[in-house]
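If you read the sequences in order, they're chains A and B. Going by the UniProt record's numbering, the first sequence opens with residue 1, and the numbers climb by one from there. Going by the UniProt record's numbering, the second sequence opens with residue 1, and the numbers climb by one from there.
Check each hint, because a few of them may be wrong.
Unchecked claim - The list that follows gives simulated cross-link-like pairs (lysine-lysine, DSSO-like), each with its CA atoms no further than 30 Å apart:
no. : chain 1 : residue 1 : chain 2 : residue 2
1   : A       : LYS314    : B       : LYS36
2   : B       : LYS114    : A       : LYS83
3   : A       : LYS73     : B       : LYS3
4   : B       : LYS41     : B       : LYS30
5   : B       : LYS36     : A       : LYS79
Derived by calculation from the structure, the hints in this document are not laboratory data.
Spelled out from the first residue to the last, the chains are:
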Amino acid sequence: MQRFWDQPLTWGHGAIFIAGAIGVLAFVLLFVTYAIYFERKVIGWMQFRKGPNRTGPLGLLQSVADVAKLLLKEDTIPKKADKGLFVLAPVLAFVPSFVVLAFIPYSQNLQFADLNIGFLYYIALSGITTIAIVIGGWASNNKYALLGGMRSAAQMISYEVPLVISVVGCVMWANSLNLRDIVASQGSYFWHWNFLPQIVGFAVFVVAAISELNRTPFDLPEAESELVAGYHVEYSGFRFAFFMLSEYVYVYAIACLTTLLFLGGWNPPIPQLDFIPGIIWFFLKFAVIVFCLFWIRATFPRLRVDQLMGLAWKVLLPLAILNIFITAAYIELWGMGG
Amino acid sequence: MEKYINSYVIVTIFLILGIAFPIVILWLGKQLRPSKPNPDKETTYESGNDPVGDSQIRFNVRYYLYALMFVVFDVETVFLYPWAVAYRQLGLFALVEMVIFVGLLLVGLAYAWKKKVLQWNSI
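Can you build the whole structure from these sequences, using the hints too?
Below you can see the structure in the form of structure tokens.
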């Protein structure tokens, strides 16, 4: 894509951009399909089960069958629901999750949009999904859905604050919000990557990110034991699938962002290994993060709701702010650092 | 400049595709799936009981307090990011300024903490 950036826009280039966007969509759908399969398999192994193994060889077609089922399933909208908003919510949840992917650089030479606002673009868009979840919970006119939607909103806005602030340290280090510059500012050996110098920021980012994704141990909005399924109780068929899809697309986005902000992006762990293309390193790190998310889901019990909100405001926020001033003092005392 | 325009053209393409995809899929689903509505299917789910009352009610004020806290700290980040990008050029003076600014917000957080706003004791 890079060689088209500096040329004026023509119809041919526009067509290439559209083809690229469709490629990303196809790749993300493939990722989501097999991330769900992989998640079920991994959690199955961790619990001494086999996981899906009947549909297709090794159960590989299980997610495909699930998608087909959702597509062919009757879609009921409750009589008391606010129909317009009920239909709008899943679409509104999905759109920002996909638009976020436009700016992620996968390697030195593979990036779609190069935005100087970088990380702010992610924050601005991911906030919209919160609104979609509240709309979904409200429009269902169901008590479980309303509680799930409100909890989800409270949780997502609470954890957005430490998530945003924990990245400021990396931005100060790189002097830029642009993800390419942030990757370039991380040194060539793996102990120079941001996850060690910014260890507090990294820890806060990971915890806040898991919570933003509404995944265990922070999946209070969907706590089955008390809220049945949270904000999407009343959704069925493909509208439900769009909520799930946007959740997994955010897993993809967060895994990419963690790789880029803290794990050196497409750089190899030691410069001697740079004969292996950057994109392979990128997706190796990406896969490790996705695996860790599944591992965490299989390991930790769910938090209580009061512990959840306390953690965001009383622990993560002060730590994230402390991290900013430690970084600032370090740069002030020892100059340029990285 | 070209790069700037091209980047936002790509973002626009992603936006259009992101809107078109759910519309196309939901339309396609509508052609494929059965539709046999009946009054029982269309009731609100409440664990098998007949739903009592309306659900679009006024809810706990606590959520608004969290929303206010969010606005305060989100505006803080709007100031933090430009400061962080330009930090190396700004130097010690900007650091002191930012300590004062964040310090004032932390006083607010401590006040909310002491007032038990952060104590979640309801659903």
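Hint check:
{"no.": "1", "hint": "A/LYS314 - B/LYS36", "verdict": "51 Å, violated"}
{"no.": "2", "hint": "B/LYS114 - A/LYS83", "verdict": "43 Å, violated"}
{"no.": "3", "hint": "A/LYS73 - B/LYS3", "verdict": "45 Å, violated"}
{"no.": "4", "hint": "B/LYS41 - B/LYS30", "verdict": "17 Å, holds"}
{"no.": "5", "hint": "B/LYS36 - A/LYS79", "verdict": "14 Å, holds"}
Going down the numbered hints, you'll see the structure goes against 1, 2, 3, while the others check out.
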